[in-house]
Amino acid sequence: MSRPSTRPAHLVARARTSACVLVLVLASALPAQGTLVLQSDFGTRDGAVASMKGVATGVDAHLRIHDLTHQIEPFDIWEGAYRLRQVTPFWPAGTVVVSVVDPGVGTERKSVVARTRRGLLIVTPDNGTLTLIADDVVEVREIDVTRQRLPGSERSHTFHGRDIFAYLGARLAAGQVRFDQVGPSRGTEFVKLPVPVARREGDAVHGMIAMIDRPYGNLWTNIPAAMLDAVGWKVGDTLEVAIAHDGRPQVVALKAPMVESFGFAAKGEPVAYLNSLLELAVALNMDSFSERHGVGAGPAWTIRVRRVGAARRP
Amino acid sequence: MSRPSTRPAHLVARARTSACVLVLVLASALPAQGTLVLQSDFGTRDGAVASMKGVATGVDAHLRIHDLTHQIEPFDIWEGAYRLRQVTPFWPAGTVVVSVVDPGVGTERKSVVARTRRGLLIVTPDNGTLTLIADDVVEVREIDVTRQRLPGSERSHTFHGRDIFAYLGARLAAGQVRFDQVGPSRGTEFVKLPVPVARREGDAVHGMIAMIDRPYGNLWTNIPAAMLDAVGWKVGDTLEVAIAHDGRPQVVALKAPMVESFGFAAKGEPVAYLNSLLELAVALNMDSFSERHGVGAGPAWTIRVRRVGAARRP
Amino acid sequence: MSRPSTRPAHLVARARTSACVLVLVLASALPAQGTLVLQSDFGTRDGAVASMKGVATGVDAHLRIHDLTHQIEPFDIWEGAYRLRQVTPFWPAGTVVVSVVDPGVGTERKSVVARTRRGLLIVTPDNGTLTLIADDVVEVREIDVTRQRLPGSERSHTFHGRDIFAYLGARLAAGQVRFDQVGPSRGTEFVKLPVPVARREGDAVHGMIAMIDRPYGNLWTNIPAAMLDAVGWKVGDTLEVAIAHDGRPQVVALKAPMVESFGFAAKGEPVAYLNSLLELAVALNMDSFSERHGVGAGPAWTIRVRRVGAARRP
Numbered sequence: 039m040s041r042p043s044t045r046p047a048h049l050v051a052r053a054r055t056s057a058c059v060l061v062l063v064l065a066s067a068l069p070a071q072g073t074l075v076l077q078s079d080f081g082t083r084d085g086a087v088a089s090m091k092g093v094a095t096g097v098d099a100h101l102r103i104h105d106l107t108h109q110i111e112p113f114d115i116w117e118g119a120y121r122l123r124q125v126t127p128f129w130p131a132g133t134v135v136v137s138v139v140d141p142g143v144g145t146e147r148k149s150v151v152a153r154t155r156r157g158l159l160i161v162t163p164d165n166g167t168l169t170l171i172a173d174d175v176v177e178v179r180e181i182d183v184t185r186q187r188l189p190g191s192e193r194s195h196t197f198h199g200r201d202i203f204a205y206l207g208a209r210l211a212a213g214q215v216r217f218d219q220v221g222p223s224r225g226t227e228f229v230k231l232p233v234p235v236a237r238r239e240g241d242a243v244h245g246m247i248a249m250i251d252r253p254y255g256n257l258w259t260n261i262p263a264a265m266l267d268a269v270g271w272k273v274g275d276t277l278e279v280a281i282a283h284d285g286r287p288q289v290v291a292l293k294a295p296m297v298e299s300f301g302f303a304a305k306g307e308p309v310a311y312l313n314s315l316l317e318l319a320v321a322l323n324m325d326s327f328s329e330r331h332g333v334g335a336g337p338a339w340t341i342r343v344r345r346v347g348a349a350r351r352p
Numbered sequence: 039m040s041r042p043s044t045r046p047a048h049l050v051a052r053a054r055t056s057a058c059v060l061v062l063v064l065a066s067a068l069p070a071q072g073t074l075v076l077q078s079d080f081g082t083r084d085g086a087v088a089s090m091k092g093v094a095t096g097v098d099a100h101l102r103i104h105d106l107t108h109q110i111e112p113f114d115i116w117e118g119a120y121r122l123r124q125v126t127p128f129w130p131a132g133t134v135v136v137s138v139v140d141p142g143v144g145t146e147r148k149s150v151v152a153r154t155r156r157g158l159l160i161v162t163p164d165n166g167t168l169t170l171i172a173d174d175v176v177e178v179r180e181i182d183v184t185r186q187r188l189p190g191s192e193r194s195h196t197f198h199g200r201d202i203f204a205y206l207g208a209r210l211a212a213g214q215v216r217f218d219q220v221g222p223s224r225g226t227e228f229v230k231l232p233v234p235v236a237r238r239e240g241d242a243v244h245g246m247i248a249m250i251d252r253p254y255g256n257l258w259t260n261i262p263a264a265m266l267d268a269v270g271w272k273v274g275d276t277l278e279v280a281i282a283h284d285g286r287p288q289v290v291a292l293k294a295p296m297v298e299s300f301g302f303a304a305k306g307e308p309v310a311y312l313n314s315l316l317e318l319a320v321a322l323n324m325d326s327f328s329e330r331h332g333v334g335a336g337p338a339w340t341i342r343v344r345r346v347g348a349a350r351r352p
Numbered sequence: 039m040s041r042p043s044t045r046p047a048h049l050v051a052r053a054r055t056s057a058c059v060l061v062l063v064l065a066s067a068l069p070a071q072g073t074l075v076l077q078s079d080f081g082t083r084d085g086a087v088a089s090m091k092g093v094a095t096g097v098d099a100h101l102r103i104h105d106l107t108h109q110i111e112p113f114d115i116w117e118g119a120y121r122l123r124q125v126t127p128f129w130p131a132g133t134v135v136v137s138v139v140d141p142g143v144g145t146e147r148k149s150v151v152a153r154t155r156r157g158l159l160i161v162t163p164d165n166g167t168l169t170l171i172a173d174d175v176v177e178v179r180e181i182d183v184t185r186q187r188l189p190g191s192e193r194s195h196t197f198h199g200r201d202i203f204a205y206l207g208a209r210l211a212a213g214q215v216r217f218d219q220v221g222p223s224r225g226t227e228f229v230k231l232p233v234p235v236a237r238r239e240g241d242a243v244h245g246m247i248a249m250i251d252r253p254y255g256n257l258w259t260n261i262p263a264a265m266l267d268a269v270g271w272k273v274g275d276t277l278e279v280a281i282a283h284d285g286r287p288q289v290v291a292l293k294a295p296m297v298e299s300f301g302f303a304a305k306g307e308p309v310a311y312l313n314s315l316l317e318l319a320v321a322l323n324m325d326s327f328s329e330r331h332g333v334g335a336g337p338a339w340t341i342r343v344r345r346v347g348a349a350r351r352p
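Protein chains in written order, with this note's numbering: chain E, 39 to 352; chain W, 39 to 352; chain C, 39 to 352.
Any given hint could turn out to be false.
A pair holds if it fits inside one copy or across any two, identical chains being indistinguishable in the list.
Claimed, not checked - Here are the simulated BS3-like pairs of lysine-lysine, each with C-alpha atoms no more than 30 Å apart in a straight line:
| no. | residue 1 | residue 2 |
| --- | --- | --- |
| 1 | K305 | K230 |
| 2 | K305 | K293 |
| 3 | K148 | K230 |
Simulated from the structure, these hints should not be mistaken for laboratory data.
Next up, chain E with everything else stripped away, as it sits in the complex (with noise of 0.2 Å):
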């Protein structure tokens, strides 16, 4: 059985704008440059990640380089967005990250570097990565392959990003070479993918499950804080989710209380919460929902949320 939070809902009302605030007091952090960081998909089972590291070490020794991760499921752009979304509103400005989640590789596909509102730098092939901080884009430049490009490797076509990627990232991060020489500028152009939003529906809200938390197995969704906040929704009321997988059903009628955190409910109990990039979030405590009741993420997966039971307002 699970056990409501008794934590005061005023608590949720009070910090109604602080996602807002968690980012703009970020963007005050300090300068980093010579900061270089790398996503992929390329895993670390070979030697890829180390070449990328080798090729920036070779332009700046000093450089600081950093892994976001590179366990990305193979060819999967969207979480490779998802992932930048995630993270780069927790590194400082003048932070160079390089984004190689890349099937089009050697191909006609276009490479850019796009700026954000916050001075990062995202260095990546042009196939949708930035769609999920695609708000946060000031400005993209695409990359004039020819020339920035690790010299002698011009015959080498499937390896952008240890040829083209991490090399010109390590010279952005290095000011060896500035964001107004990369390329000519594309304005805020560069490709997107559709993106479910989140809606409001009579007394219910609608969402996506936007990505899978692992290694827990909590479901992550793209139903932000402020929905929630608009209907009045707060710890210790009780929801009931529905998840249905391209329309079909999954799971049905689940009921879980709305907590602050896991071990408010019992171990192997269902709770619904605010994750860590405050949107609706619904987990077993201890436990993972996403293999109990089978459910994955992606566009194809919808869940709705409805409130059942409400807890006693002061």
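Chains W and C: place on chain E using the hints.
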């Protein structure tokens, strides 16, 4: 067939006290201000760890950030505790370690910073992670989480790894906050898990399988070299090993030579040896003992070892 | 159906010597004193790698420590050798690489430091890891393990990765010990694994599957671009591929267009291409050749390639 080592037994006797020496010598290493080491059960598939590193870089872009591991089995506090014990003796004074295995995140469980004898700081939820380095902890302070927290993160309750631990750890490593400013001292009071103690009983030693040495599948016990020295067992002796799970026999009367290293037995043959923490371990040379014999680790897994054959003494 | 590339064949011809150029240009990169790169088969689930990094940080907290990979298949010296060859050309002079795939740890096998033509140092057990960069090694010195060893570690015999290799590698990278102080020179004598050589035979080229390109499942052969150039095969040609394991056919007469990159074939269709090491590779676009056709890597896996269709020549 196993090939017993031909190494002279006095080599073992001579080094009787080197477990202590090993730790003492390391204590004289240079301070490492600016070094931050992260451990968690977050895995590296998503953006959690990278968000922590972003926050730390925002605090001070010049921190040197390293990973202990992020592949602790989800919620396994014992494993987190074991890894701290395995690794912290090898990091220099001044290192700040952030350890987040935190099933109770966002509940009433407390958060602490522990200072060790050698001057490391461990930032962690107070849930047992410090158990296996308890003797090394000279003072614990409870984190005042209302003050020591990433500005703007007040509404986020499920990711203290990012919002509190990485942020505070980075500030400690950067010298922006001192240990005595973290919050009130608790002396040496903190949560400790029950720890089985190895013991001698007649001609046998009894202990537990404390950890599986992955990826190899070797069994690491909690039986220290000093206990083997005390009973007088030496390289070249033959040991008989019995392993039980919850009291039920799992491995019966398996014979293994005491060797210096794996390669002194034939491929696939069992060996007993001192592992890199100078505790008794059992392995199959170039094979997985854990998988072959279905053996796991934890307090329920007990081991009994007797000597059934002695090497020729000089 | 596969869609052959429409790229002009002269692009391939023009770049005939760029494999050499690629390496030479990298040789002119800046020195990277203070850079330490670690490779092992330890995985990252436990504390082994973090212990190595702790020891290195204790030597000099300002070292920049990077991972090559730690997910070498346990005990697979061939894979370790392959990764060194794949990655070291992309790291600048002065880089110290520690490579520990060491089934014989603690036995009579020797330990060495190799210096390469471009001024990298490789610290490793002498068990074959240097095989695939043998031409690049100008001098090898045997490590005097009684002197070059973490103080206090004398009783530990199963973790030279921490006690000898990381410690010495860090001291070399930090400039605390010079190459000529490591131990006696052995010239260029070191252990080499047998290496199958690709060869031309009539109108076919014969080679081996040298590595599976994970996580994608592409097959990387040991057939160099120069051999394809010599037989005159070009982008747009159609190749016929046969693969055998221990002489037994595994893949028979599979046709694949020679392309610049994956995306020039339809999803799931086979392609032949030059990989990022400028050797012949075979893949399914956005699918796993290795899994679909049950193909592995190593000396037992041989490949024969013929041209069965020619692109229109200008």
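Status of each hint after checking the structure:
no., hint, verdict
1, K305 - K230, "between (40 Å within a copy, 21 Å between copies)"
2, K305 - K293, "within (15 Å within a copy, 42 Å between copies)"
3, K148 - K230, "within (13 Å within a copy, 43 Å between copies)"
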